[in-house]
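Novice: What follows is the residue order along each chain.
Protein chains: 2
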Amino acid sequence: MARNKYPEETVNLIIETATRLFIEKGYEHTSIQDIINNLGGLSKGAIYHHFRSKEEILVAVTNRGAEESNKMIFEIRNRTDLTGKEKLKKLLMYSINRPVQDEIFTAAPNIGSSPALVSSILIGTIEYTTPEYVLPIIEQGIEDGSIQTEYPEELAELIMLVGNIWLNSMIFDDTPEKIYRKCVMYDKMLRAFGLDVLDESVFERFHKLTELYQKNK
Amino acid sequence: MARNKYPEETVNLIIETATRLFIEKGYEHTSIQDIINNLGGLSKGAIYHHFRSKEEILVAVTNRGAEESNKMIFEIRNRTDLTGKEKLKKLLMYSINRPVQDEIFTAAPNIGSSPALVSSILIGTIEYTTPEYVLPIIEQGIEDGSIQTEYPEELAELIMLVGNIWLNSMIFDDTPEKIYRKCVMYDKMLRAFGLDVLDESVFERFHKLTELYQKNK
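Sequences listed follow chains Y and C, in order. The opening residue of the first sequence carries number 0 in numbering that gives the first Met the number 0; numbering runs sequentially from there. The opening residue of the second sequence carries number 0 in numbering that gives the first Met the number 0; numbering runs sequentially from there.
One thing to keep in mind: the hints can contain errors.
As the list claims (entries may be wrong) - Lysine-lysine pairs mimicking DSBU-like chemistry, simulated, CA-CA at most 35 Å apart:
(1) Lys70/Y <-> Lys53/C
(2) Lys53/Y <-> Lys43/C
(3) Lys187/Y <-> Lys207/C
Since the hints were made in silico from the structure, they are not lab data. Here the structure is a predicted model, which means the values were calculated and not measured.
Starting from the given sequences, assemble the full structure and let the hints guide the process.
Specialist: Structure below.
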């Protein structure tokens with residue numbers, strides 16, 4: 000395949016191949032060479048032309064997986080038949096239940112051992128995901144009276160810092176039992192801010208995903 | 000200076016020189032070459048023998064600064080005249096008020112732009128600082144009745160995740176006003192867990208340190 004003639008197809012091929020291998024063999028057990036071997040003649044140079052490291056491929060794989068769900072999240076954000084608090088509940092439920100989570104936790108990257116991944120998830124959560132998806136919902140909730148706070152930006156950040164970073168068992172290598180206890184504390188924290196938006200099914204889902212991770216890592 | 004004859008003295012000299020330059024010129028504006036130029040004839044090879052990067056020197060500088068205060072924190076932890084909750088309050092007050100904080104915020108490293116630093120602070124906070132300093136105090140508080148929780152480990156982690164990561168304005172490049180609002184939310188969260196351990200002076204101290212950072216970055 001010519002390297003620059005259809006760059007998008009090349010990138011797609013790399014992402015699809017890497018996704019399949021990460022799920023089959025696990026992220027930690029897949030090498031760049033494994034990916035090259037499955038690309039049907041694409042050279043090492045071609046892959047490094049698009050991605051500088053395996054970590055960058057993982058970021059592309061998870062972003063691809065997130066694209067579909069981002070559409071859903073935008074839809075939730077823009078619905079007019081729900082209060083802000085109801086939207087926040089839907090957002091959290093949907094985020095943890097979307098199928099791409101099963102794929103990621105099955106690929107089971109040991110995120111905590113990769114400074115580049117830890118940093119990009121933490122900074123990306125606070126600087127991109129929070130203002131884009133969570134803050135607008137909090138602001139709607141304030142307007143419709145379903146959420147009470149004088150600090151919408153800070154509340155949105157806290158929700159995501161704890162829910163997206165601390166509750167990510169691939170960062171801190173948590174056991175399923177530990178993640179369950181973290182969920183209980185997250186729920187307590189959210190309720191302290193008037194946000195009764197989690198239920199037992201969310202705790203169980205976190206538990207199950209962490210089991211997947213611990214089995215496959 | 001012979002490179003391996005007195006390795007500890009060499010490391011001390013590098014750390015002291017780097018500390019002085021980071022404070023005078025700012026971390027971002029100090030190069031490895033600047034440090035070498037101030038080491039009185041020590042070669043580039045000698046510095047790289049001990050430190051692989053400027054980030055590693057910064058970690059050594061902050062660790063050195065932390066050594067003195069760690070002694071104090073151990074003393075707080077081991078006192079017998081205070082309840083667990085009183086110790087937690089002393090710990091948080093002391094941590095933010097110790098003089099090394101002025102030095103760090105004056106050196107003003109843009110931590111958020113360094114994946115290695117972001118990651119080591121996050122992982123180090125949860126895996127080292129929390130079990131070493133905060134968890135024992137929470138457990139004492141449970142025993143003496145001053146702290147109520149069934150989840151001591153998770154509570155200790157939440158306290159540190161929010162207090163040490165989210166409230167670090169050098170990670171998220173916060174303004175003094177934003178840090179003040181974050182402090183108010185931190186206080187609300189802690190109170191929800193029965194921990195009335197912060198006061199206005201802490202908010203003001205965070206505000207002042209963040210001013211230092213924004214002025215010097």
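Novice: Each hint: holds or not?
Specialist: Taking the hints in turn, this is what the structure says about them:
{"no.": "1", "hint": "Lys70/Y <-> Lys53/C", "in the structure": "42 Å, violated"}
{"no.": "2", "hint": "Lys53/Y <-> Lys43/C", "in the structure": "32 Å, holds"}
{"no.": "3", "hint": "Lys187/Y <-> Lys207/C", "in the structure": "31 Å, holds"}
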